[in-house]
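Q: Each chain, written out:
There are 2 protein chains.
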Amino acid sequence: MANIADVAKRARVSTATVSAVVNERGTVESGTRRRVLDAIQKLNYQPNLYAANLARGKTRALGLVLSDIMNPFFGEIALAIRQEAQARRYEVLLASTQFSKAELVSAIRRMIGMRVAGVAIMSTEMDPRVLEMLCAHRMPAVFEDVGTVSETVSNIRIDYEGGIFKAVKYLFDLGHRRILFVRSYPDTRQDESAFLSICMRTQAFQKAMQQFKPGGLEAAIVTGSGPGPKAGQQAMQKALGHVDFTAVIAIADPVALGVFRSLWAHGIAIPRDVSLVGFDNSYLCEYLYPSLTSVNIPRQRLGQMVVDCLVRNVENQEPGRELELETELIVRESTAPPRPARNRRNARL
Amino acid sequence: MANIADVAKRARVSTATVSAVVNERGTVESGTRRRVLDAIQKLNYQPNLYAANLARGKTRALGLVLSDIMNPFFGEIALAIRQEAQARRYEVLLASTQFSKAELVSAIRRMIGMRVAGVAIMSTEMDPRVLEMLCAHRMPAVFEDVGTVSETVSNIRIDYEGGIFKAVKYLFDLGHRRILFVRSYPDTRQDESAFLSICMRTQAFQKAMQQFKPGGLEAAIVTGSGPGPKAGQQAMQKALGHVDFTAVIAIADPVALGVFRSLWAHGIAIPRDVSLVGFDNSYLCEYLYPSLTSVNIPRQRLGQMVVDCLVRNVENQEPGRELELETELIVRESTAPPRPARNRRNARL
DNA sequence: CTGAAAGCGCTAACAC
DNA sequence: GTGTTAGCGCTTTCAG
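Sequences listed follow chains A and B, in order. Just remember that the numbering used here sits 189 ahead of the position in the first sequence, which is counted from 1. Just remember that the numbering used here sits 189 ahead of the position in the second sequence, which is counted from 1.
I should point out that these hints are in silico values taken from the structure, not numbers from a laboratory. This structure is a prediction, so every number in the text was calculated from the model and none was measured. Careful, some of the hints might be misleading.
Since the list gives no way to pick out one identical chain from another, each pair is judged satisfied if it fits inside one copy or across any two copies.
[As the list claims (entries may be wrong)] Computed cross-link-like contacts, EDC-like style, restricted to lysine to aspartate or glutamate with a CA-CA straight-line distance of at most 20 Å:
no.	residue 1	residue 2
1	396	517
2	358	515
3	290	280
4	290	462
Kindly generate the complete structure, drawing on both the sequences and the hints.
A: Written out as structure tokens, the structure is:
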């Protein structure tokens with residue numbers, strides 16, 4: 190495969206000149222430039238990026254670690270971040286862990302090996318080794334929720350509390366008094382604490398419930414395991430017939446999907462018999478029938494924050510920051526006032 | 190950041206030995222090995238992958254180009270391919286083009302720059318420059334549908350015809366006589382021929398219709414633009430009130446989602462008033478209500494084929510091959526016999 | 001079993 | 001404006 194020397198020879202210039210042309214650096218006389226471009230064309234020259242990055246000693250790349258490439262919400266985040274990164278002339282290396290800690294650690298290892306300028310860890314699962322590694326290498330990083338800001342690490346706190354509070358309040362105001370919270374547990378081989386955002390969303394729910402308890406609100410929590418939809422279904426298997434409720438809040442949209450399906454399968458109509466609220470507001474929500482009320486996490490904003498933190502840290506040596514990302518409730522068709530009890534099918538079997 | 194020389198010095202060995210330990214190559218005495226491992230630990234050494242790959246002169250990486258990271262179906266494919274690749278100790282570099290030809294070309298450029306061993310192009314859009322570049326570099330490649338096998342390029346022909354035929358036949362046998370085919374057009378800035386799989390699926394539909402024409406089957410085709418669901422909705426806007434039909438086949442599941450939504454919004458019940466068939470059988474199908482009948486493309490099998498072609502080509506110099514991937518109809522709840530005409534709401538407004 | 005040293009292909013001073 | 005050249009950090013013969 191042709192290399193820079195071949196091009197240089199053919200264009201009768203030095204490798205430095207070729208490099209200058211390729212990287213649009215310095216000033217090259219237009220005639221020389223032409224010759225180089227011609228040679229590149231003829232030889233189908235494509236710079237070896239390993240050599241280039243090695244020589245440069247730094248990269249304009251950001252790492253992005255996600256939990257589940259099959260969840261459209263993660264896809265949307267990846268897109269938002271990539272867009273933001275491209276605007277600043279960074280590329281992004283994507284890794285999907287599928288909720289495995291081992292994959293997480295090896296993804297980070299690979300990113301460090303690739304000498305990315307910074308890394309964003311937007312995964313559900315977490316592992317202490319990650320922080321260790323990043324610190325040891327003084328690698329700029331931004332996390333979601335994992336709250337220990339330092340010189341090199343930033344944290345974006347998503348306002349789960351606010352979002353869930355709004356959801357609970359909305360349901361309460363509609364007249365609901367018994368709300369079921371459905372959680373998922375992506376990988377049973379792992380400790381529950383591994384999935385921080387699950388814990389945080391759960392706590393947020395509990396806290397919100399406390400506030401409405403005096404108003405007569407009752408809550409239950411049920412957990413299913415496996416990938417989102419499966420977890421939602423499984424959780425509903427457990428809940429139906431044992432727990433009485435008029436509304437469900439799912440911890441994430443894919444989980445809501447499972448709940449959705451499960452309710453219909455039992456002849457429970459949404460929102461007539463039960464109201465359903467999702468979390469993340471992925472684009473799917475709009476297309477379900479009934480469309481799904483969901484707590485929105487502004488992806489574009491998240492993308493900006495992530496890239497901004499990283500770039501500031503890298504380019505201006507600014508220290509890590511703690512940022513908060515607001516959430517909002519997007520009301521759609523899946524929520525409505527509960528039916529009067531006497532008209533309601535008994536949710537207990 | 191610590192490099193191999195630092196480790197070597199600390200362990201009082203040569204860099205060659207460190208390399209041997211890191212790559213588990215050759216035999217290193219266990220005492221020496223320990224010292225090296227210790228040093229690595231102490232210094233938090235992570236090999237620079239640019240240097241490593243540059244020195245090695247080849248990589249164990251495969252490139253994968255997809256059109257839309259937000260479509261779960263692509264995610265499933267990515268996962269299948271990654272799994273298959275990992276089994277053979279290759280990693281995969283992922284790129285998502287979002288249906289843009291320019292992105293496609295630059296993704297390929299990047300893969301070549303990264304000297305991947307081979308590349309799989311599973312995107313909807315195509316560009317002649319891609320083939321040029323790949324040929325010029327004698328880069329092993331596998332395409333989906335783009336049928337020009339050569340020494341280095343393989344092609345996996347997905348049996349759209351068979352799949353769509355099965356769908357049409359199934360609907361016909363149920364009693365449907367007027368079927369609407371809904372297509373999407375992801376990016377109107379681009380020529381229609383750019384989206385090969387769309388053309389192929391459309392042709393497959395037309396061909397199937399021909400065969401049932403004598404039986405009294407009538408067909409219509411309508412096209413929407415934009416990302417899947419949007420296209421589906423838009424297409425239905427056009428069709429409703431102008432075309433009469435009792436069943437819809439959507440060109441892809443996300444499109445079906447838009448159709449789904451649009452039909453409900455007009456008070457048309459699935460499958461009571463209209464039957465709906467999707468394409469790709471993404472995991473969502475199962476979770477809609479009613480669950481979606483869809484043509485399955487076996488992802489796992491696709492992943493195997495892709496990686497197998499590439500690896501054989503790379504490691505055994507086997508020439509490119511033409512493979513066929515079978516499809517099947519997965520029947521779920523969204524399809525049923527049509528209602529007798531006299532009971533049916535008139536689909537014309 | 002281990003070390004010395006020659007690259008891998010490119011970039012970035014620095015000299016002309 | 002252009003060329004020379006010393007690295008970048010690692011792998012891999014080839015001796016020892």
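Q: Can you name, in rising order, the numbers of the hints this structure does not satisfy?
A: Checked against the structure, the only hint that fails is number 4, while the rest are satisfied.
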